[in-house]
Amino acid sequence: KNVKAVLISDLHIGSMYFNEKTYNSFVKWLHKPQARLVKYLIIAGDLVDGIGVYPNQEEELMVKDIFEQFKMASELLSKIPEHITIIYVPGNHEPVRQAEPQPSVPEYYASPLLNMGREIILLPNPCYIKLNGVRFLIYHGRSLNAIFKHVPGLQPISPNTVPQAMKELLKARSLVPIYGESPIAPQPFDWLVIDKVPDVFHAGHIHVYGVDEYKRVKIVNTGTFQDQTPYLRGMEITPTTGTAAVINLRTLDVKMMRFSQ
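Those letters in the sequence shown? Residues 33 to 293, by our numbering.
Derived by calculation from the structure, the hints in this document are not laboratory data. Just so we're clear, the structure is a prediction, and the values are computed from it rather than from any experiment. Among the hints, a few may not be true.
[To be verified] In silico DSSO-like pairs for lysine-lysine, Cα to Cα no more than 30 Å straight-line:
1. Lys36 x Lys287
2. Lys203 x Lys247
3. Lys53 x Lys287
4. Lys64 x Lys53
5. Lys287 x Lys60
6. Lys228 x Lys287
7. Lys247 x Lys287
8. Lys36 x Lys103
9. Lys60 x Lys96
10. Lys199 x Lys228
11. Lys162 x Lys203
Produce the complete structure using the sequences and hints provided.
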C-alpha cells in the first residue's frame, strides 16, 4: 500500500538561528490532505542545538539550558499529526558521547519527548531500520566533513556535491572511512561498516539538501531548519533551510519539499 516517510535533520532547536516559521509551515503541510499517506518522520540528528558543542556557542543560543531545549523540541514535535511515528537518532549536537557510533539520547534528557503521549522511537547513530519492507540506513553524517576535505572535486559544497560525498561512503562500505578526523569509539565490533546494502541512505549534518542514486540505493541528505550561521558563512556554505524529503515506500520515489519563504 502507499505509505510515505518524511526525512528531515538538523533543526537545531534552541539556537537563535532555528527557523521556527519554516518549521511551522512544514507542520502545516503535514496536516494537509496531500500528506495523509505520511506515516513516519525520521530525524537524522541535531534536533537540538546542545550546549558547549563549539567555542562561544552560548552567544548564538536562544535557549541556554539543554533540558529546556528538549522541552521546546517536545512542544514543537507535538504539533505533528498523531498518526505519524517519529524516529530520532542523535547527531554531534546531542547530549551523548561524540565518538561514533553514538547511543540513543538517554531518557534523562529526552523525557519530554517520551512523555508526549505519542509514538517516538529513539535510536543510535548510525542505525538500520525497516519501514514497510524498505531498509533505511540512518547516519547523522559527521564524517562527511572529512570526505569534503580529502576527496577532490567535491568543493564547493552544493546540492550536487553532497550526495556525491555520501556515495564515497557507500563505495568504501564504511560510514567513517577516513581515520583520525572525527572520533571513533574503540569497540570490539565495527558498527560503522556498511555490511547490509540499504534501500535508502539518509544523512544530514551538512545543512545542504541533496538527492541521488547509487547502484539502486537512494541517497538523501535532508538539509536543515536552521538559517545560515556565522560558522557556515565563514565556510561559504549556503544552507538549504526548510527542506524535507518525502519517500513513497512502495515506489521509492523521492520528492523534495522546500518550506522556506
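Against the structure, the hints:
A hinted pair counts as satisfied when its Cα atoms are at most 30 Å apart, and Lys36 with Lys287 qualifies at roughly 11 Å. Straight-line distance between C-alpha atoms of Lys203 and Lys247 comes to about 10 Å, which keeps the hinted pair within the 30 Å bound. Using a Cα cut-off of 30 Å, the hinted pair Lys53 and Lys287 holds, with the two alpha carbons roughly 21 Å apart. At most 30 Å may separate the alpha-carbon atoms for a hinted pair to count; Lys64 and Lys53 meet this at roughly 17 Å.
Taking the CA atoms of Lys287 and Lys60, the gap is about 17 Å. The hint holds against a cut of 30 Å. For the hint pairing Lys228 with Lys287, the CA-to-CA distance comes to about 25 Å; that is within 30 Å, so the pair holds. Between Lys247 and Lys287, the direct Cα distance comes to roughly 19 Å. Compliance with the 30 Å bound is thereby established for this hinted pair. Taking the CA atoms of Lys36 and Lys103, the gap is near 28 Å; set against the 30 Å cutoff, the hint holds.
Between the alpha carbons of Lys60 and Lys96 the distance comes to roughly 28 Å, so the proposed pair stays at or under 30 Å and holds. For the suggested pair Lys199 and Lys228, the alpha carbons sit about 15 Å apart, so the restraint of at most 30 Å is met. At most 30 Å may separate the alpha-carbon atoms for a hinted pair to count; Lys162 and Lys203 meet this at roughly 22 Å.
When held up to the earlier numbered hints, the structure conflicts with none and fits them all.
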